[in-house]
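**Student:** These are the residues of each chain, in order.
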Amino acid sequence: MFRCPVCGFDGLRKPPANYSICPCCGTEFGYSDAAPEPLWQIHASLRKNWMNRGATWHSQYTVPPPFWNPWSQLAEAKLAYDIPWLEGLVFSAPTTYTKVDDEFPEWKLAVA
Amino acid sequence: MKLLLAAPCNLALQDPVVGHSLIGVFHEIKIQVPHDAPEIPGDAMLPKEWAIFSKFGLEPSEEDKDYTLKTDIFWPDGKVLASHILDAMPPTKNGMAFIAKSQAFPMGQQGVVRIRESLTSEGKVVFGPIEMEVKVSVERSLPSIKENK
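Listed in order, the protein sequences are those of chains A and B. Basically the numbering used here = 1-based index in the first sequence + 26. Basically the numbering used here = 1-based index in the second sequence + 18.
Since the hints were made in silico from the structure, they are not lab data. Cβ coordinates follow ideal geometry from the N, Cα and C atoms, glycine included. You may find that some hints are simply not true.
[Unchecked claim] Now the stretches of chain A that chain B is said to cover, found in silico as 3 or more residues with beta-carbon under 8 angstroms:
| # | segment |
| --- | --- |
| 1 | 64-74 |
| 2 | 84-98 |
[As the list claims (entries may be wrong)] Mimicking BS3-like on lysine-lysine, the simulated pairs with C-alpha atoms at most 27 angstroms apart in a straight line are:
| # | chain 1 | residue 1 | chain 2 | residue 2 |
| --- | --- | --- | --- | --- |
| 3 | A | K74 | B | K66 |
| 4 | A | K104 | B | K66 |
| 5 | B | K88 | B | K66 |
Construct the entire structure; sequences and hints are all you get.
**Tutor:** Here you go:
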């Protein structure tokens, strides 16, 4: 299986070239990304367009994998950096704890 | 069979000598977005690496069996977000551990994200379900006085 460089879908049956189409974002490789600019730049622009269209599943014939989520897919492919609604977002996950069973003193628990 | 620990954390490490280490156990995620940021879709996921760590103590009679942990993650509205099935790592002297890793955390809905786990062996549930919760809150920052003018 191959990964789509636009949306990060990792179930492409053929390499992203030679007019194959990504069922997830609908990119036709060799056609949609045919331009004088560097490929990464065209792919970033196609990704942006796909996200602006709501990042929905493209194909009517190939069904998405179970529990498919476009944003998780982008995160797993390390392509989430230009998601528009992430701009300026800050998050924190306050860490708490601890209950460690005394029977297992070798248990290590590090809290950042 | 005894549940020793089940917790979501930023990172779970496994070392053959010192055992397991959990870094950043969390039960809440607070998100702040700028007041003029675009609307966040309902299925939005925050690109954040995290893991669900679970560890069970085994009686001698329970060792040498195959165990599988089923983990379901639910959106605050109750819909299933993800479902994983993990086979047990080889039992150690400290018990049996599972680490379910993920690259994104649900943030499209405010409320409580529920994580439910069940341990099965030979097709039967032998422990659980166990439930963990992570509270997700999203706040929009207020425009500054300067921006208001």
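**Student:** Hint by hint, note whether the structure agrees.
**Tutor:** Hint by hint, here is what the structure shows:
1. Coverage of a stretch by a chain is defined here by at least three residues with a beta carbon nearer than 8 angstroms to that chain's beta carbons; for the segment 64-74 of chain A and chain B the count is 0, and the condition is violated.
2. By the rule of at least three residues with a Cβ nearer than 8 angstroms to a Cβ of chain B, the coverage given for the segment 84-98 of chain A holds, with 6 such residues.
3. Between K74 of chain A and K66 of chain B, the direct Cα distance comes to roughly 20 angstroms. Compliance with the 27 angstroms bound is thereby established for this hinted pair.
4. Straight-line distance between C-alpha atoms of K104 of chain A and K66 of chain B comes to about 11 angstroms, which keeps the hinted pair within the 27 angstroms bound.
5. Simply put, K88 of chain B and K66 of chain B have alpha-carbon atoms about 22 angstroms apart, close enough for the 27 angstroms limit, and the pair holds.
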